[in-house]
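Engineer: The chain contents come next:
Number of protein chains: 2
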Amino acid sequence: MALAYDGAIQNLIDAFAKLPGIGPKGAQRIAFYLLGADDQEAQALADAIQEVKAKVRFCEICGNVCETSPCPICVDPRRDRTVICVVQEPKDVMSIERTREFRGLYHVLGGAINPMANVGPADLRIPQLLERLGSGEVSEVIMALNPNIEGEATTTYISRLLGPLEVKVTRLASGLPVGADLEYADEVTLGRALVGRREA
Amino acid sequence: MALAYDGAIQNLIDAFAKLPGIGPKGAQRIAFYLLGADDQEAQALADAIQEVKAKVRFCEICGNVCETSPCPICVDPRRDRTVICVVQEPKDVMSIERTREFRGLYHVLGGAINPMANVGPADLRIPQLLERLGSGEVSEVIMALNPNIEGEATTTYISRLLGPLEVKVTRLASGLPVGADLEYADEVTLGRALVGRREA
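So the protein lines, in turn, are chains A and D.
For the first sequence, UniProt numbering begins at 1 and goes up steadily by one.
For the second sequence, UniProt numbering begins at 1 and goes up steadily by one.
Hints listed in this document are in silico derivations from the structure and should not be mistaken for laboratory results.
Since this is a predicted model, take the numbers as computed values, not measurements.
Glycine included, every Cβ here is placed at the ideal spot set by N, Cα and C.
Any given hint might turn out to be false.
Unchecked claim - Stretch by stretch, here's where chain D covers chain A in the computed footprint (C-beta under 8 Å, at least three residues):
no., region
1, 14-27
2, 109-119
3, 129-140
4, 150-161
As the list claims (entries may be wrong) - Here are the computed distance ranges between Cβ atoms for each label pair:
no., chain 1, residue 1, chain 2, residue 2, range
5, A, Q43, D, S174, 37 to 45 Å
6, D, E67, A, P24, 45 to 53 Å
7, D, D181, A, V188, 32 to 40 Å
8, D, S174, A, G36, 38 to 46 Å
9, A, N118, D, L176, 43 to 51 Å
10, D, R78, A, Y33, 26 to 34 Å
11, D, D80, A, N118, 30 to 38 Å
12, D, S69, A, P24, 23 to 31 Å
13, D, V178, A, R160, 55 to 63 Å
14, D, E140, A, P20, 39 to 47 Å
15, A, R78, D, V119, 16 to 24 Å
16, A, G21, D, V119, 53 to 61 Å
17, D, D80, A, P24, 27 to 35 Å
What the hints assert, rightly or not - Chain A is nowhere near these chain D residues, computed Cβ spacing over 12 Å in every case:
no., residue
18, N11
19, I13
20, S139
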């Protein structure tokens, strides 16, 4: 016997080890878990993978993932069509939905400007955003990108691009996370919290 | 839109979150990774899951996982048939194979005695071990269970069971892990290392 498992087991370990956040030991653990699991559970996982690739597409309007295009948010008549929240990835839509603080529409860029990874403005869904703003219906664009270098650069780029248009561009507040400890806050975050202070 | 994803995506997240070592955030990350991956890679993962359930079985002799029963180790004429190494799980076979220090046969118990989890001697492959020893060919049984309470209890139980037979029962050495620091060793491990000291 070689120092690897028989074909099918090793194939499964290798396939899991390719996924983000799973190392070789974790992949082995999962493979043996599936070996011991009943056939139904393993089949359900295989089916779920195939189904998501077969059914899920991107919304032609906002770029979010969905099973019907346009997506349920874009066609929902109860949503406020005058505000668009711009996010990097489809999963950010869910993060904002969970706050229950936003009832407008979304626009998923599909990333952020990152010269190190060869992602420029042309690789993002920026023309689609401009097209949506062309109708004149939108009065505010909320930039909700990640508060890191790439997100900030993209926010600045898009803000300037929208400058000439008659639309207010806002961004998420920077500051201390709720429940955080002042002692452990980094200087930049604490500085932003100070600059952005509000009346108590 | 509800506060969960559309059907297929949520199904996939739920299916991954059931696997050991993957939490809800990790499952979401994997689901979006697969959404972005090319169809071939996702299909390969689904296929690997189905294949492992269809092909992999347990060796009728040693209880290891394999695609042919008896397994390649049990039928290998170059292995030393006078020594059997007893382990808890199939993955432990691979751990010992990787040391390249053992050329005998294996016997997988399928667990260890654990009254808290309702696992008693009757749930383990102990009768099969006794049957293999019945031929008289085996001169040594190496107990290689996990060095924890359940493993120790099982080792003691099986050692006593094999007492009347003409077979030497040994166990893995306890001691300091190679590369470890004396300062951080727990008392029990350090005590065992002292008791089991060898000539330098």
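Engineer: State for each hint whether it applies.
Structural biologist: Here is what the structure says about each hint:
no. : hint                        : in the structure
1   : 14-27                       : holds (count 9)
2   : 109-119                     : violated (count 0)
3   : 129-140                     : violated (count 0)
4   : 150-161                     : violated (count 0)
5   : Q43/A - S174/D: 37 to 45 Å  : holds (42 Å)
6   : E67/D - P24/A: 45 to 53 Å   : violated (21 Å)
7   : D181/D - V188/A: 32 to 40 Å : holds (37 Å)
8   : S174/D - G36/A: 38 to 46 Å  : violated (29 Å)
9   : N118/A - L176/D: 43 to 51 Å : holds (48 Å)
10  : R78/D - Y33/A: 26 to 34 Å   : holds (32 Å)
11  : D80/D - N118/A: 30 to 38 Å  : violated (56 Å)
12  : S69/D - P24/A: 23 to 31 Å   : holds (26 Å)
13  : V178/D - R160/A: 55 to 63 Å : holds (59 Å)
14  : E140/D - P20/A: 39 to 47 Å  : holds (45 Å)
15  : R78/A - V119/D: 16 to 24 Å  : violated (54 Å)
16  : G21/A - V119/D: 53 to 61 Å  : violated (31 Å)
17  : D80/D - P24/A: 27 to 35 Å   : holds (29 Å)
18  : N11                         : violated (5 Å)
19  : I13                         : violated (9 Å)
20  : S139                        : holds (22 Å)
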